[in-house]
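Number of protein chains: 2
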Amino acid sequence: MKRRDFIQKVGVGSLAVGTSLASSNVANAATQFKWKMVTAWPKNFPGLGTNANLLAKMITDMSGGRIKIKVYGAKELVPAFEVFDAVSNGIAEMGHSGAYYWKGKTEATQFFSAVPFGLTAQEMNAWLYYGGGMELWRELYKPFGIIPTATGNSGVQMAGWFNREINTFEDLKGLKMRIPGLGGEVLRRAGGTTVNMPGGELFTSLQSGALDATEWVGPYNDLAFGFYKVAKYYYYPGWHEPGSTMEALINEKAFNSLPKDLQQIVLMACKAANMDMISEYTARNNQALDALINKHKVKVLPLPNDVLRKLKQISDEVVVELANKDALSKKIYDSVSQFRAQVTQWGVVSELAFLKARML
Amino acid sequence: MKRRDFIQKVGVGSLAVGTSLASSNVANAATQFKWKMVTAWPKNFPGLGTNANLLAKMITDMSGGRIKIKVYGAKELVPAFEVFDAVSNGIAEMGHSGAYYWKGKTEATQFFSAVPFGLTAQEMNAWLYYGGGMELWRELYKPFGIIPTATGNSGVQMAGWFNREINTFEDLKGLKMRIPGLGGEVLRRAGGTTVNMPGGELFTSLQSGALDATEWVGPYNDLAFGFYKVAKYYYYPGWHEPGSTMEALINEKAFNSLPKDLQQIVLMACKAANMDMISEYTARNNQALDALINKHKVKVLPLPNDVLRKLKQISDEVVVELANKDALSKKIYDSVSQFRAQVTQWGVVSELAFLKARML
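Protein chains in written order, with our numbering: chain F, 1 to 360; chain D, 361 to 720.
Hint data in this document are derived by calculation from the structure and do not stem from the laboratory.
Be careful, since some hints might not be right.
[As the list claims (entries may be wrong)] Keeping only pairs whose Cα atoms sit at most 16 Å apart, straight-line, the calculated EDC-like set for lysine to aspartate or glutamate is:
id	chain 1	residue 1	chain 2	residue 2
1	F	Lys356	D	Asp666
2	D	Lys620	F	Asp61
3	D	Lys465	D	Asp445
Turn these sequences into a full structure, and let the hints guide you.
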């Protein structure tokens, strides 16, 4: 039934009499939207898949059931790496994924998930909501008919699991590691070999020696995968992903067909889900790290400063090359790198100084 | 008009025929709620007052106008320090303030705004949403008929503006400083004198010498107050308030009278506003600090490690004393201090390690 027919049949117009609500608002209340949300994660995957479930539930609850969203795990409706296309083509009204998966569409997407030595979760959100980042992200996805927004952040990730110690920069040479995105490009230039494979194959590949190392997320997800059984060393910090943003993709036409109150509900639910995920990861990583160290006796080690310093030099080169791909990439790079310069200065007197003081 | 009468008069029941929506939901769509929100801030005060405005607007927008909220600055309806009572008594349905203002009601409220050497914004939210903090907060406010939740965070504050250099712990002796809450108690035990006065009087008090020092918030708010004109030294980090939570207070009866979708809208709007404020402060502090250093030539200095170490020892004593006031205070203290111990360990390998690596 079309919305107009429905409104005529139930005669909503008369309801508006005697109230100060516009009839269009009341009409909205009786119109239902059934949406699909495709995700790049296994269904119910802790932190990522569960955030997609939460987002869908928040939208349904806040809309009083006017939007119902069915969440699909990777491969249930489309494969993980087709989430972007599915939302662009209207196969699904929403998607839940990470922007760096779409670098094949346009390389600059990588600025909106994780940049080596880039922004932490708090800084990334500051750039997105108050530093011009969101407007640039929308500009980037506009040609694809997609409205992007942030719906979560993993916080600082771990450098990963290694089957040997990393004492010098030379130890990275010949290292076979699963590390995607810009971080992978940095490792290749450092002399390593990157291997791309789904999360589910990492455990056996580490066990068989097909991989020497892998990064994944952080203690919360890594503990669940059991990597501690097959790799001896757990390195930090996650220089390659200091605050990975998860994205909600919204089909533009589907969004525009919503009444204004439901549009706001969809966008604000994403913002609340964004707060939720970083809180979940901070709390759960914290518990899981404790279990890894005290129960499973994992060796948690810092990457040596000299190694980090060299990785940072290469990272800066890789990011500048990305910036020079096209005009929009340059515009995004200029925005985020100016923001990073200032926020680093602020971080020195705020987060960094306080975290050090608390350790005294 | 009571809701029941209203529903009967407009005959909403018939509207539900032919739709899959429960009639109660449709009834909701035609019921309007006019709420008041009293705040502890001057109307439109940057960051704090503007967050209250934003919160009210989000609720109205997401509800399609079914909840309209009039925001009152401090003194417009009730004075700043009567916000809690006003919400408790139903004079206003909502409040926007900081929990440490209510220590006169019950001392444990201080755990929910800022604790010296306690949790950062990200950690505080992790404790509230995923570490049991929110449940304890609700238990604490339950006897007052108030549902509390987080609606913002200032992030790490600055130690404050000083008219003299602080080189040793002894330099704190005799210092006349505006510093409220637990931090103030710490300073008193360190030999200082604390003075309580509204924000608007700080500038002239510093100028006249009635105050030697004041903390306020951070560069964003402090720049606007012009403190750089009357105090030479700007110290960091804000050991006394590492991540101050702003609270939304909701009158329990008013909340319970809302249909379920509007209840969700109110709570999720607070969560989205919480994400918004820390993003705003991170972005704006960052810009303001740049102006203070480069335009106004402010001397931004770290408190010496020895001073911080001693302040931390005293802080721990003060917080333990607070914990021993009553059983609920003890329960809250046990929860937050266990959380802090673990999250500090996680912070060492994540935020702290990354922020240091980025400076190499």
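Here's how the hints hold up against the structure:
Among the hinted pairs, F:Lys356 with D:Asp666 is consistent with the structure: their alpha-carbon atoms are about 13 Å apart, no more than 16 Å. Distance check on the hinted pair: D:Lys620 and F:Asp61 sit about 8 Å apart at the alpha-carbon level, within 16 Å; holds. A distance of roughly 10 Å separates the Cα atoms of D:Lys465 and D:Asp445; the hinted pair therefore holds under the 16 Å criterion.
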